[in-house]
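S.K.: One-letter residues, chain by chain:
2 protein chains.
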Amino acid sequence: MKLLEERIRTDGRIYPGNILKVDGFLNHQIDVTLMDRIGEAFYKKYKDCGITKVLTIEASGIAIAYAAARCFGVPLLFAKKSQSLNLGNDLYVAKVHSFTYKKDYQVILSKRYLSSEDRVLIVDDFLATGNAMLGLTDLCKTAGASVAGIGICIEKAFQSGGKELRDMGFSVTSLAMIDHMTDDGDIVFRPTEEP
Amino acid sequence: MKLLEERIRTDGRIYPGNILKVDGFLNHQIDVTLMDRIGEAFYKKYKDCGITKVLTIEASGIAIAYAAARCFGVPLLFAKKSQSLNLGNDLYVAKVHSFTYKKDYQVILSKRYLSSEDRVLIVDDFLATGNAMLGLTDLCKTAGASVAGIGICIEKAFQSGGKELRDMGFSVTSLAMIDHMTDDGDIVFRPTEEP
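Keeping their order, the protein sequence lines are chains A and B.
If you use our numbering, the first sequence corresponds to residues 4 to 198, in order.
If you use our numbering, the second sequence corresponds to residues 4 to 198, in order.
Derived by calculation from the structure, the hints in this document are not laboratory data.
Treat the numbers as computed from the prediction; the structure is a model and nothing was measured.
Take the hints with a grain of salt, since some may be wrong.
For chains that are exact copies, the list does not tell them apart, and a pair is met inside one copy or across any two.
[As the list claims (entries may be wrong)] With a straight-line cut-off of 30 Å between C-alpha atoms, the simulated DSSO-like cross-links for lysine-lysine are: (1) K144 with K47; (2) K106 with K48; (3) K47 with K24; (4) K106 with K5; (5) K114 with K24.
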């Protein structure tokens, strides 16, 4: 998606260790106009798949899921990252390892809102090691829900998550795929289909 | 806002201790159509106030802020709840006490995205003790940004937060104000102006 690639080049910041900061438009301050275009791109790709829910994980995924859910006309559902005192015990639970924070955490989802009748589009801002996405696909599997696709804004294609998910048979659509980043700020994108 | 009051009566669940669960449409699974109406309500109220940013706090506020920011045509900005390894050190920080989780936490915001030129609409799902909202107004004060208003979906008017914020001079707009809840599931709403 050229619009997103250009925005990453313009407003993204690269730090040593393959860290790309896009907090000016994607996951801290959010450009809702860009996000609406991202939601439309996922809609175009999966509009004939009978999507009943758009699922993401707090917090950065919520705006993306909102933009997509609006297009599909279905509810957005976000998994939470730890046991909430107010959520009750009737939960689906999966374990996720975060490389960013160097610890394990649980993703949880109320059993009320996901069932074997659901056909799910999972979305998130980044795909790198793929652990968060594996956690969400685990939650869907436990619920008996089918995963129609995984929509990602920025895939770090030099990390293993995308390959692993595709090898498992998931349809992964990444709007921008980074093949390579250098510490002096250069980004090489892998060509993607324009949605 | 009748639409929201009716939805709370239909799909909200009351538990002992004045706990109201609205996770079927507002803060776990999210009804984006309802949320769009909520965003429009805040827009109607504050459209002539020169809003430049819609500010909220992760995670439940993000969908509400998205809906509002779309109407205003301005960026959404969400404060994070703890020191993120990837956020950098150039941060505004305020302390918040959570009664729900019975602990203090920090709300943080990158200095890049809020300045004295900003006129802010703060939004959130619930207002009870008001501590989270006080944290966000503190962040704005530190940044030199002015707070044009605070938009809340559900105010527990029997708790002190709303009164405290109004006494401080903030314009607080709550779309549903709960005067009283009983353990057997009855809710008494305080009349509010229809947006």
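S.K.: So, for every hint listed, does it hold in this structure?
M.R.: Tested hints:
{"no.": "1", "hint": "K144 with K47", "verdict": "within (25 Å within a copy, 42 Å between copies)"}
{"no.": "2", "hint": "K106 with K48", "verdict": "neither (34 Å within a copy, 43 Å between copies)"}
{"no.": "3", "hint": "K47 with K24", "verdict": "within (27 Å within a copy, 34 Å between copies)"}
{"no.": "4", "hint": "K106 with K5", "verdict": "neither (34 Å within a copy, 44 Å between copies)"}
{"no.": "5", "hint": "K114 with K24", "verdict": "between (34 Å within a copy, 15 Å between copies)"}
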